[in-house]
Structures are given as structure tokens and as C-alpha cells.
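Put the two chains together into one complex, using the hints given.
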Amino acid sequence: MVKKTTLETMAIRKGTILAMVLAARVLGVRAEEVRVTASVDRQVLALGERLTLQVVVSGSQNASAPEFKELRGMRVVQGPATSTQMSIVNGEVSSSVTFTFVLAPTALGEQEIGPIEVRVGRQVYRTTPMKIVVSEGSQQKQSGGEAGAGQAVFLVLQADRTNVYVNEQMYMTVTLYYRDVQVANVSQPQVVLKGFDVHEEGYHQGDAVVNNMRYKFVRFPMVVFPLQAGRQEVGPVRMKVRVREPVASRQRGFFDDGFFGGGLLDEFFGRFQEVEHEIESNTMTVQVKALPEEGRPAGFAGAVGQYELRAGVEPKAVQAGTAVTLTAELAGTGNVNAVSVTLLTNTVELRVYDPESRREQRVEGTRMVGRRRYTQLVIPLSEKVHEIPAIEFVYFDPRQERYVELKGGPFAVEVTAVPEGSDVRIADYRPVKSGGGTVKVLAEDILGLKTQRSVWGTRRALDNVVCAAGLAVPPMVWIAAVVIARWRERMRTDAAWTRRVKAGGRLHKYMREARAAYRRHDHRKLCEAVSDALCHYIADQLHVNAPQVSAMTLPGLVEGTRVREETVRAIQGVLEECDFGRFGGGVFDAAEARALLQHAEEVAQRLQRELR
Amino acid sequence: MMAAGCGARPAGEAIRAWEEAGAAYTATNYSKAVRLYRKAEELGYTPGALYYNMGNAYYREGKLGRAICAYRQAKWLLPRDGDVAANLATARRAAKEQLAAREMPAAVQAFLFFYFHVSPDESVWLFVAATVVLFSGLAVQAFWRAGVLRQMLVIVGVIWGVLGTGAGIHSYRVLWPDEAVVVAERAAVRAGPAATETVLFELHDGAEVKVLSREGGWCKIVAAAQKGWIAAKDVSMITVRRR
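Residue numbers (our numbering), protein chains in the order written: chain A, 1 to 612; chain B, 1 to 243.
If we strip away everything but chain B, and leave its shape as in the complex, we get (with noise of 0.2 angstroms):
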């Protein structure tokens, strides 16, 4: 079921594009990589795969804030992957600002233990599983009354309500993604939404930041305990692709 419900094939054009951009990077030619993965990306192939991928050619071409980004979106979707890993920390020890992730509290870090270890499209999945045993569970309680079974549900309720909350949580940051990262070389974070704001403070290509909300053209963001408004254009949002 897992399988199954994990999408359709790719198209044959997308494909095409992965492979011509592998070639390309191969190459040494890292921009028409990038370009070829994005166009992979536009067409609906969207696995950990190709962030990975993407975030290499990016690192190549010197765009440290585009690979942390596309190495984040890659470990949002390959949560135990090594490699990915790998590359994020040498990308992240690479830029200006190592600005530290936010974290949750240890009391939800312990409560979700499996959260950490599983992409959001698992989360889901392994919720529907839960779902579907708990359910089949009571139907058949319904009939069938015997303690055992009542024990074992409870169990089940149990993990169910856990892998409802992890997978409610995945899909609130899927859907309201709310982490960026720098983009620009040099971006000034101002007082307020206007470049004719007093500039606060600057960040570099490749500092992660937490975006608080939008105003046209501007983010307010905090980095570092320090809040500010920085232009949306200098920012990458860390988000997966959905159709």
C-alpha cells in the first residue's frame, strides 16, 4: 500500500530531463544541470532524489543558499539518508551564518521520536496504515467482544494518536512551510517593509532563517533571535513541490 499510494510514474519527458541532467553535471556543466533538474521538477518528478541532485549542481556553481535549500527540501523527503546529510552539514559549515535550526522542545522531540526519522509523505502513510487497523479493529469489535482484542485496540489507539499527531505536524509545515534560506550573496534585513527601512543587520548567502509572515515583496524573518524584514527575492522558501 505503501508503494502504491506513493504516486504515478514519472513521464518520460521528466525522466529524459533527469538523465540529461546528470549527464550535464557529469560535464562539469552545473548550470544546465540545475536547469534540467528544475524542469524535471516542473514536470512532476519530484524525489529526494532530484533535491539531492539539485542541491549538488548548486554547490558546484557556487550557489551555497540554493544547496542548503534544495539539500533541506531533499531531507524533508529522505529523512535517513546519509549522503544527504553529508551534504547538507558541509554545505551549512560552508556558509557565513551557521545559524542554528529550530528545534523542538525535548519533551516533543521524545513524544515524536519517529518523527525525525520519517519523510512527511511516510508520516502520512504509516498514519493511513493506523488508520486503517484501528478502524478494521473496531469494525470487528463491533461483532466480536472479546478483552484481548480491546486490550490490543488501545494499544493501537495509542500509536495511532502519535502517528496523527507526526503526521498532522509534517503536513502543517507541507502546506504552511514557514523556513527559508538566504539566496543573495548579501541581504539586508531592514527595520521595516521598504527599502527605505534602516538596515539592521546583514546576512549572507546560505543563513537559514525562519519567516514570521509576508508583506508584499518583504519577509519578516528572525534569525538568530533578531528580527527584521528582508526582501522576498533574497529568499528561498524550503518546501516540497506538490501537484
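Chain A extracted, bound-state conformation (with noise of 0.2 angstroms):
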């Protein structure tokens, strides 16, 4: 049952890559060469211990199994293992198929393993060989270092010229190669190369095959220019690298051997921890080249690589006084940022505005390049004026190694004079006569003193407290506009809470009437004034009628309140006693009155705690 199912799924793998090249082959997606490379997981390994052996052949699948032409001091213990990738990216087909080998030493000291040959079609490839050291004890993995020295981790730091120009564009790179670890977080290198202006350009990851070893890579390229002659050490780059290391202090458990794939299960736990290393690359070494004396023209200014200049002018014909438009491209390989064209300056003839400038530049491959553009404006003063002169621009070409002058005109214009009576105006400038015209110029100088005495411009607005006022002040009414404004519509609309907010208001009022009513000795109005200050306060509360409220309805009204069986018998006592004041004929003394009114206050209280 087992071999049937591997069949049914090696059937299925050949169909899919059958499908595959059939598909490329009618979308006409073009493969790659062929490469056979070959690589070990450990270049240092003890006796006993085995070590993992990869040969991959890119670029096709018909590959004949792996020959070891030598293989000294070690012995095959178990392949090939053949697996085969392939992948359609961009209309490239890429293919490959890979030999897994388990080796084990049979001897001390220095082995080698290869060359390896491996025939695709007719033709044979052959890898280079390998050295392998077998020690007696056990190994352990190592970081940092020497570069490329079978390290998990490492930075490199290359050039790809050491013996340069001032100003001469450099391709550096800083690359971090790893393997058999997790590189959690990567930071960005800090460069600081002295003498040097710095172009960092982003990042790029990739595989490589580096002394035979498999490794992954983060590459940081970057185009320098050298700005002082002599010898200059570069380096050592530092980097910081956060590597996912399992953690070493914990209990081992029945899950954890290697039938249930401990790393696995410290995969799937999180049993892992991101410890932070800092590495460092190699230094080297460069030799900045002075610019040479000989030869080196007057109107140089630095400028170092390969650069082409055009320019012109329009209009060609003009009057007196107008203006013309030089444009300027210069454009090439170097620092296009630190480099400038000699444009036009002021002359007795010419009135010159200073040129606007845009400027782009990039990194092609392992160039920089970049333009620069310029536009200048030019009056011609007078029509004797007959060409626009020359702009030029000079630089060092490091490949023929001797300065270059490059010139962009001189530019034929046919200016007509001012017609007579005319008078053309232009600033800053001196008088010129063109024709039977004035052109009026002022001289190049700075303008007057201002004398006027400004009254007011002594505090600055940010520090002025009546700038602060009219920005905190006007958002403010606002918010209280808004508020009223809620305030008024719910009046207008909710009497219940309408009668709520003001049932406070009529209680005090009726209670003031009925003070007076005390202080008159009018004890009528007294017990009239009481009454209806607890009875519209409770009608009020509970939006009910007052008439509704009397001695004998009000436990009913009240219930289910926060009001207290005490305050209802208290109110209850007051309204019985206004009653009996009110339509009983009862007649009261003054200590009565009094009373009445000192317990009627003393319930108002209560019930406006009680009853909200």
C-alpha cells in the first residue's frame, strides 16, 4: 500500500514538471546555461561525525549521477538523493536538480573531495575540489572571524577597485553571508568611512556559494567617492544581527528527540530566543590617486568621470534688452551632485540672471550616473551684441586618465537695436545705448537703508497673548453656542425634563413668597405658598398635574423613588397642616407660623436631596 502511494506521487511530480516544460516550451520562455556546483555542509568536522554533500547542476535535469574522480580519506555513506526544482519567474525558466551525499572521514588530517564530474548530454562539467580537515575531536560552530572561513556568520566588505582617483567613483559592497541559523533582524550597516562621501543604495538577498559552503546573503551595496589623495583604510564595517538561538537552559522532554523533531516542536513552541551580535568585516585597503597637475586646465573644479555637455539658446534673433534662453544638459557617470557647469556671467553687453538648476542622479547597475539641467536667462544690452559665449566644463576622465574640456557654444544670435524713442528698463543695471533707444541700468549694488521707523512689528505674533486669545477664544463660544443652542431645543421639545430643571427654581420661589407671607403675619398665604412649593416641586419631578399631589396620594406617586418613608410622612404632616390652615379654619400663632415654616424648609430640603 506504502509503495503504491510513493508511486501514485512520483507519477504525479513528473506529470506536474512534464506539464511545466510543455507549458514553457509553447510560452517561449527562455532557460538558463548549465552550472554545477558543489558544496559541504562543514569544512571541519572529527572522526565518527558525518558531513552533508550537495552537488547541484542549475540549468537542466538530465544530469548523470555525480562521479568523484578523488575522494580521499573519506567514504560515501549514503546517496544520491536526487531531488529536482523548477520554476517559471519573469519568462526565465529556472531548473535544477541536486545529489545529496552523506560522507564520513576515514582519516586524520587534510582530505579532499573531488573534482566531481557530472555529464549533461555530452558534455562533462567538473567541480572544483574540496579540503576538508578531520580532527579527532568534536567541532563547534563559530561566529564571526575571519571571513568565509566555514563561519554561520559573517560580513564582508569588497570593492571592485582598490587603486582609484580622487572624486573616482567606487562599487563597494557590504554583505552578510549566514547559514544554519535564523537571522531574525538585520540592521542597516553602519558605514562611517572618513574621507569618503557615501551613497548607500538599499539591499538585496540572494544565495551564493562561498569556499564551497552553501550560504544566504544580504548584500548592502553603495557607490563611494574618495575625497583626499593618499591611503585610505576602509573599514571594519559593523553590523548588529539578531540570530534565533533555541534556548540552552531547559528541560528536554519525551517530544524533544529526534523522532518527534525537536527542533519542530521548538519551532512550533517558541522555543527560541533572538540574541543580538555585533560582527565586523574586514578592513582594506585604498589608494586614492591625486589628480594630476600636468595638464590640468584652469577652469577645472573637481569634477571626475565621464560626461557629455549640450546646450543652446532660444530664440536666435531678439531686440535689444530681451531676453534669450541658454539651456545647459550636462549628463554622465560620477558625482553629478557635486559637479557644475560654468555658465554666464555679467559683461558690459550681456545682463545675465542667475541660472535655475534641476538635477537627477541614480545608481545604473554599479554606476552612479545623473544630469543636470540648467536654464539661464540672457538680455543682450545691444545689437552689437552677435553670439551668446561659450559655456564650458572640464573634467578628469579616470580610463584615459587625462582631463577633458567640453564646450557648449558659442551660440550665433542676431539682436536688433531699440527703436528710436524707446526706452527699455532693466534692473540693476547701468545705461547702455542701443540704437536710437536708452537701455536704463542701475548699478550692481545693494539698495538704501529704510528710515521709516516701523510703530508696531516688536513682539512676534507666537509670543502675543492676544493672538493666543483669538485662537483659544472663538472655539470656545462655540462650544458653549452649541450647548445653549441643545439646551434651548430640549426645552422646546422635552417638558418632562423641561418641568425637572426647573422644579428647583419655582420651590425656592414659592418658599420666598411664603417667608413673606410669615413676615406679614399672613398665614393663609403661608400655608398656600407652602403647599404648592412641595406640591409643584413633586409634580414638577414626576411630570404629573399638581392637583394631583395631596397628602393621601402622595405615597403612591412616590414609589419607586429614592424618597424615604420618613420624608413622605413629613411631607404628608406639612401638607395636612397647610390644609387644615387653609380650609380648616385652622388659626395659628406666630411660634405656629413659625414652626410651619422652619419644618416646610427642613422637608424642601429632604425632598429636593430625595426626589431629583
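The set of hints was computed from the structure by calculation and includes no laboratory data.
Beta carbons are placed, not taken as given, at the ideal position from N, Cα and C, and that holds for glycine.
It cannot be assumed that every hint is accurate.
Here's a subset of chain B near chain A, in silico, CB distances under 8 angstroms, partners left out [unchecked claim]:
#1 Ile15
#2 Gly22
#3 Thr90
#4 Trp125
#5 Val128
#6 Thr131
#7 Phe135
Quick look at the structure:
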């Protein structure tokens, strides 16, 4: 049953690959060239340990099994196990077959694997031999140190050249190589290159074989321009790398053995910790040559590279005092941001304005390229002007090792005189006669003092209280207006709420009337006012009609509110006393009236607390 | 309101210094003129005209960097003044390095078209005025919900937003200035903040730079896309004095 399943799986895989190949042929995608590489997972191991050798044939899947031409001090324990891969990315077919062997050392000392031969069609490919050191003790994984010597993580600083001229561009890379570890986070390398103008250009990732071992890498390219002549020490470049490592001090359990795949469980249960390592690259020496003195033109301003200059003038026929536009474009390879074309300057017959310039710079492949565009207004002041002078740019070409002078122009222009009686004015210039008219010119100097004293303007707006108030008060007014408008709206639409809001005010009004009646010895009025105060307050709070409130109905009305029983009884007492005074013909003396008023005020206060 | 808010009247002593500085300038005693303009500034008299005149005095003294710095300060306060623009251009032409001033992206310039034509003070006062109009309108709308008023408030709201952005940028640049002018005849720009660091390049009196950070007596600057450290005493920050 198992065998059948395996055969079915193989058939499906073959079918898939065949379909991809057919699809690739139909779509006309391009195939890559054949390459054979061999790599081992370690270069130093002990007797009794094993290493894994991988032979990767990329660009073809019709490769014969690898054949060892030399295998000294080692023996094949297992393999070859074969795996194939195929992908189509952007129309490029990428196919490879990998042969994996497990080798075991049979002798101590330096041993050699290979060369290994692989036959693809009629062509035989051969790998370079690999040296392996077999020792007696167990080897530990290392990181840092000398680049490429089998470490798990290392940093390499490289340059496309180490002998350059001042301001000549170099392409440098800082590459982080790692294998057998998971790199969780890579920070941008700290590239402090003294005496160099550095332009960093992002990063890219990939796989590479270093010293016959397969590594992943992250590469940080940059274009640098040396600024000083002499022997310059570059590096080391430092970088912080966060590496995921298994937590060392833990109890290993039943599920951590090889059968259950301890690593998989570690991964699943997060038994890894991230450890930050600071690693540093190798150093290198760059010999920076000074630019030659011999043959250096007067207009040279330090530009190094390869450049082209294009320039033109429009229009070519104008009247004196009218501007023509000079345009120039400098394009090429080099530090375009740091160079400039010598444009025109004022002369007796030409008024020249400050140029406008635009620039763009980018890295193409391994070279910094860019262009700089200039626009300059030039006004011929006289009909005697027949040409706009040439503009110049001088640079040193490190390939040819000589200075190159570029010129744009001179440009022929036809300038007509200003008509008789006309008066053309140009700012900041001297007067020049042109035909019958005049071009008015002011001297190139600063304008005079301002003598008018400013009455205001001695305190900045940011420090001004009126300004702060102007920013703070309007929003507060707006918020207040919104609150008031909403209050009014509710008063208009929500009768129950409105009565509740006004209840307190009415209570106080009636109690004031009661106190006034007491002072007048009008005890009947006192009873009326006290009764009204309590009944209206309760009616307003409960949104019922005031006549509905009486000593008899009170318990039913306040049921379910926070009014306590003793308060209810006290109100009933006051209301009954008032009814007695109003309707029962009762007569109070002054002491009884005062007692009634005090009792009523006390009850009113309790009522306000309990019924809101 | 604009006039009323612009601040207190200058003190008599500051006005005397301003007038004496003008007299010293006319008598070609430029160093005395600079000293008196500085005194007027210390006493709190800081209109744009003061910085303009100070720039003239520095220019006549041959201190190009100081002159450009003063003209830049004057331009902040008098952005539409032709005399300031002309003298600044003349001083810049005389500088050895005519480094392009930092410019905002075109889209931002189009959005904040007014930004380049008003001073920081004017910008803030315009924003205050817009705030008063907008919130007054909103307060009225709380009681009177008319469609016309609503449409007007939308327009005023947009204007308020634009003015607020402009005032914010202006205020930010007043509170945290990051532009400076080289005032030393020759200033070395080094790879690090120390006199022992490698000299990367040199700048001269009048070069305008952007200051990225400060450390001790050193400023990290960028000039024509090149970065480095320059002694703080060799540059003068372009900032308007506040009280």
C-alpha cells in the first residue's frame, strides 16, 4: 500500500514537471545555461561525524549521477538522494537537480573531495576540489572572525577597485553571509568611511556558494567617492544581527527526541530566543591617487568621471533688452550632484540672470549616473551682440587618465536695436545706448537703508496674548453656543425634562413667598405658598399635574423613587397642617407659623436631595 | 486686529539706537551701525527693516555671511519687499558658494501659494482671523441652520485649513530653525564633530547650509548634498528673535 502511494506521488510529480516543461515551450520562455556547483555543510569535522555534500546542477534536469574523481580519506555512507526543482519567473525557466551525499571521514588530517564529474547530455562538467580537515575532537559552530572560513555568520566588505583617483567613483558592498542559523533582523550596517562621500543604495538578498559552502546573503551596495589623496584604510564595517538560537537551559522532554523532531517542536512552541550579535567586516586599503597637475585646465573644479554636455539658445533673434534662454544639460557617470557647469556671467553687453538648475542622480548597475539641467536668462543690451559666449565644463576622465574640456557654444544670435525714442528698463544695471533708444541700467550694488521707523512689529505673533486669545476663545464660544442651542432645543421639545430643570427654581420661589407671608403674619398665604412649593416640586419632578399631589396620593406617586418613608410622612404632615390652615379654619399663632415654616424648609431640603 | 496684535510700541532707548545706527551708517561707520542695530534688537525692536539695515551695514563691512543672514531674517519678516530681495540677491552673487536654497516640492508650493508671500507673523494673524470667522460662523449656525451659511462655512473651513497649515509650517520654522549661513571667511567641514576629524571640504563666507543636528560646539550640516560637521562658531542660524 505504501509503495503504491509513493509510486502515485512520483507519477504526479513527473506529470507536473512535464506539464511545466510543455508550458514553458509553448509560452516560449528562455532557459538558463548549465552550471554545476558542489558544497559541503562543514569544512572541519571529527572522526565519527558526518558531512553532507550537495552537487547542484542548475539549468538542466538531464544530468547523470555525480562521479568522484578523487575521494581521499572519506567514504560515501549514503546517497545520492536526488531532488529536482523547476520554476518560471518573468519568462525565465529555472530548473535544477540536486544530488545529496552523506560522507564520513576515514582518516585524520586534511582530506580532499573531488573533483566531481557530472555528464549533461554530451557535455561533462567538473567541480573544483574541496579540502576538508578531519580532527579527533568534536567541532563547535563559530560565528564572526575571518570571512568565509566556514563560520555561521560573517560580514564581508568588498570594492570593485582599490586604486582610484580622488572623486573617482568606487562600487563597494557590505555583504552579510549566514548559514545554519535563522537571522531574525538585520540592521543597516554602520558605514563610517572617513574621507569618502558615501551614497548608500538599499540592499538585496540571495544565495551564494562561498568556499564550497552554500550561504544565504544580504548585500548592501553603495557608491563612494574618495575625497582625499593618499592611502586610506576602509572599515571595518560593523553590523548588528539578531540571530534566533535555541534556548539552552531547559529540560528536554519525551517529545524532544529526534523522532518527534525536536527542532520542529522548538519552532512550534517558540523555544527559541533572539540574540543580538555585533559583527564586523574585514578592512581594506584603498590607494587614492591625486589628480595630475600636468595638463590641468584653468576651469577645472574637481569633476571626475565621463560626461557629455549639450547646450542651446532660444530664440536666436531678439531686440536689445529682450531675454534669450540658454539651456544646458550635463549628463554622465560620476558625482553629478557635486559638479557644476561654468555658465555665463555679466559683461558690459550682456545682462545674465541667476541660472535655475535641476538635477537627478541614480545608481545604474554599479555606476552612479546623473544629469543636470540649467536654464539661464541672458539679455543682450546692445545690437552689437552677435553671439552668446560658450559655456564650459572640465572633468578628469580616469579611464583615459586625462582632462577633458567640453564646450557648448558660442551661439550666434541676431540682436536688433531698440527703436528711436523707446526706453527699455532692466533692473540692477548700467545705461547702455542701443540704436536711438536707451537701456536703463542701475549699478550692481545694494539698495539703501530703510529710514521709516516701524511703529509696530516688535513682538512676534507667537508670543502675543491677543493671538493666543484669538485662537482659544472662538472655539470656546462655539462650544458654548452649541451647548446653549441644544439646551434650548430640549427645553422646547422635552416637557418632562424642562419641568424637572425648573422644579428647583419654582420651589425656591414659593418658599420665598412663604417667608414673605410669614413676615406679614398672613398665615393663610403662608399655608398656600408652602403647599404650592411642595406640590409643584413633586409634580414637576414626576411630570404630573400639581392638583394630583396631596397628602393622600403622595405615597403612590413617589413609589419607586428614592424618597424615604419618613420624608413622605413629614411631607404629609406639612401638607395636612397647611390644608388645616387653608381650608379647615385653623388659626396659627406666630410660634406655630414659624414652626410650620421651619419644618417646611427642612422638608423641602430633604425632598430636593431625595427627589431629583 | 492685525495692527493691534503686532506687539508693543518700541521703547525709547531702542528707537534711539535705531536712529543713531542710521546716522553711523550714513557716516560710513559701519561697525558702529551694526553694534547699534544689535542693541536695538536686544532691546526688543525687531521689525524687518532693522534686519535689512543690519544686513546693509554688514555688507558694507565686508561680512558677507552676516549680511546674507540678516537679509534672510529680513526676508522672513518682509517677504514681499523688493529691496530686501534685491539686496539678498546681490549679496548671494558675491558669495563664493552659491548653494541653492532648500525648496519645497511643487505640489506643496501650489497648495500653500500664499506661504511664500506672507511673513510668519502675518501667517499666524491670518490664521487667527480665519479661526475667529470660522468659529463665529459655527456659533451662529448652532442657532440658525441655513443652507447658505453651511456652504459658506465649508469654504471658510477649507481656507482655515490651508492658513492653519501655512501658519504651522511658519511657526515650526520660527521655533526650530534649521538654516544657517557660514560667517567665517573659511570654514572646514569635517567627517565628525571634532577638530581632529578629517576635513571633507571647505565652505566660505556666505554659504547657506541646512543644519541637521548639533553636538557640543559642532553642527552637522548638509550643503549641496554633501554632509559634514562644521564648528558652530563658524555659522549663524537664520532665525527671528522672539521675546
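These are the hints, each one checked on the structure:
1. Ile15: It holds, given that the least Cβ distance between Ile15/B and chain A is near 7 angstroms, below 8 angstroms.
2. Gly22: Hint on Gly22/B: holds, closest Cβ of chain A at ~6 angstroms, below 8 angstroms.
3. Thr90: holds, 5 angstroms
4. Trp125: holds, 6 angstroms
5. Val128: holds, 4 angstroms
6. Thr131: Check passed: Cβ of Thr131/B comes within 5 angstroms of chain A, closer than 8 angstroms.
7. Phe135: Hint on Phe135/B: holds, closest Cβ of chain A at ~3 angstroms, below 8 angstroms.
Going through the hint list in order, the structure satisfies each hint without exception.
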